[in-house]
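Model the placement of chain W on the given structure of chain L, informed by the hints.
Residue numbers (the working numbering), protein chains in the order written: chain L, 3 to 209; chain W, 3 to 209.
Because the hints were derived from the structure by calculation, they are not lab data.
Predicted model only: the values in this text are computed from it and were never measured.
Treat the hints with caution; some may be incorrect.
One copy or two, either will do: identical chains are not told apart, so a pair holds if it fits within one copy or between any two.
Said to hold, decoys possible - Below are the BS3-like pairs computed for lysine-lysine, each with C-alpha atoms no more than 30 Å apart in a straight line:
(1) K97 to K16
(2) K133 to K16
(3) K133 to K123
(4) K97 to K123
Number of protein chains: 2
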Amino acid sequence: MESRIVASLDLTDKEKLLALSETIGKQVFAIKINWPTILSAGKSIIGELSSYSKVICDFKLADIPNTIKLIAKQIADQDPYAIICHPFVGSDSLKELVSTGIRTIGVVAMSNDGASEHLNKHWKELLSDVKGAGAYGIIAAGNNYTLLKEISSQKEHLKVFSPGVGAQGGSAAESIKNGSDYIIVGRAIYDSADPVSEIKKINSEIQ
Amino acid sequence: MESRIVASLDLTDKEKLLALSETIGKQVFAIKINWPTILSAGKSIIGELSSYSKVICDFKLADIPNTIKLIAKQIADQDPYAIICHPFVGSDSLKELVSTGIRTIGVVAMSNDGASEHLNKHWKELLSDVKGAGAYGIIAAGNNYTLLKEISSQKEHLKVFSPGVGAQGGSAAESIKNGSDYIIVGRAIYDSADPVSEIKKINSEIQ
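If we strip away everything but chain L, and leave its shape as in the complex, we get (with noise of 0.2 Å):
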């Protein structure tokens, strides 16, 4: 059965990363890096990753559509497997990215604390905007079970990828009950003694 989860690996050690990448990269079903590793490893590392699992860029791009394309252009011969973007700042900029024909991850609802203030508010109106655009998948926090179920249960086709499982306090096998269809996991993966370990137990929990 494949994996459920989504390894992300914010370290900017690239050896280190190569190296865990490897020895993880076909347990789980993608690996997804931020800013901090394209800001230390530069952005070749996408495609050096690609070798060893599908890679997501997660960029929390929020920007005028322009960049968005610029950004795009800049990544398209390194293979991303999808990009994370935010809704939030118009379906002009969502549109742009999809149009890139890389998979797009529409963030509707984040697991910071601060992120019921303003975003999460809103995930109707940008889960809507999502379907529209005719993305592949929504960011739903998995640290808030009663949103989380409500927003996959309109997500139709859509891929629900949960953050916020592990260092910032939700469960895997709670997520998944609530309609995530990949956990995101991080510190608890790249932090542990023993990656493997840790990725086989969060497997089993989940099924």
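Structure of chain W alone, referenced to chain L:
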């Protein structure tokens, strides 16, 4: 008199960017770069450009506090003048960026058409958060004068940076008249056959 232009140089050709920055660096308030440039030239471009002008990193950060911290750490040694972030993801993330000591500019209104769907409707709450976090400035679009005027009237000590001038339809003089402290000009400068004359023209238009 100090220029009130921020040159938004979304170039991905490093040599061209450095040459242009050397040419115009002393005639603008700052140079702003975004992810396309970082992806192409690497983070060291921030430090290299710092020898020609102040550098504003237009990263539109929109992530959880831990990721914000990791990103800021990665560029701390590059001497950025300021970083742009999105308060809509929550005041915890905003405060995290302010706490790094780098001048923080929060987006309260953008210039793309889609910005009116969600983001720009919430400028009052976002402005209040930016004030509360002790940030340095705000982004308020320069192609919607009515909105810009209203936002600027409530800016207090914050510096107002306005994109949307030039290629996106806004006028430099009108933006300043309606409350911008600095106008952000991109394509009108870097696509110009004579960027120095273009800057002089805008500087005199403002005065």
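Right, here's what the structure says about each hint:
For the homomeric pair K97 and K16, the shortest alpha-carbon distance between copies (29 Å) is at most 30 Å, but the shortest distance inside one copy (33 Å) is not. Taking identical chains as interchangeable, the C-alpha atoms of K133 and K16 are never at most 30 Å apart, the minima being 36 Å within one chain and 38 Å between chains. Both within a single protomer and between protomers do K133 and K123 lie at most 30 Å apart by alpha-carbon distance, with minima of 18 Å and 21 Å respectively. With identical chains, the CA atoms of K97 and K123 are at most 30 Å apart both within one copy (22 Å) and between copies (20 Å).
Comparing the model with each numbered hint stated earlier shows that hint 2 is the single one that does not hold.
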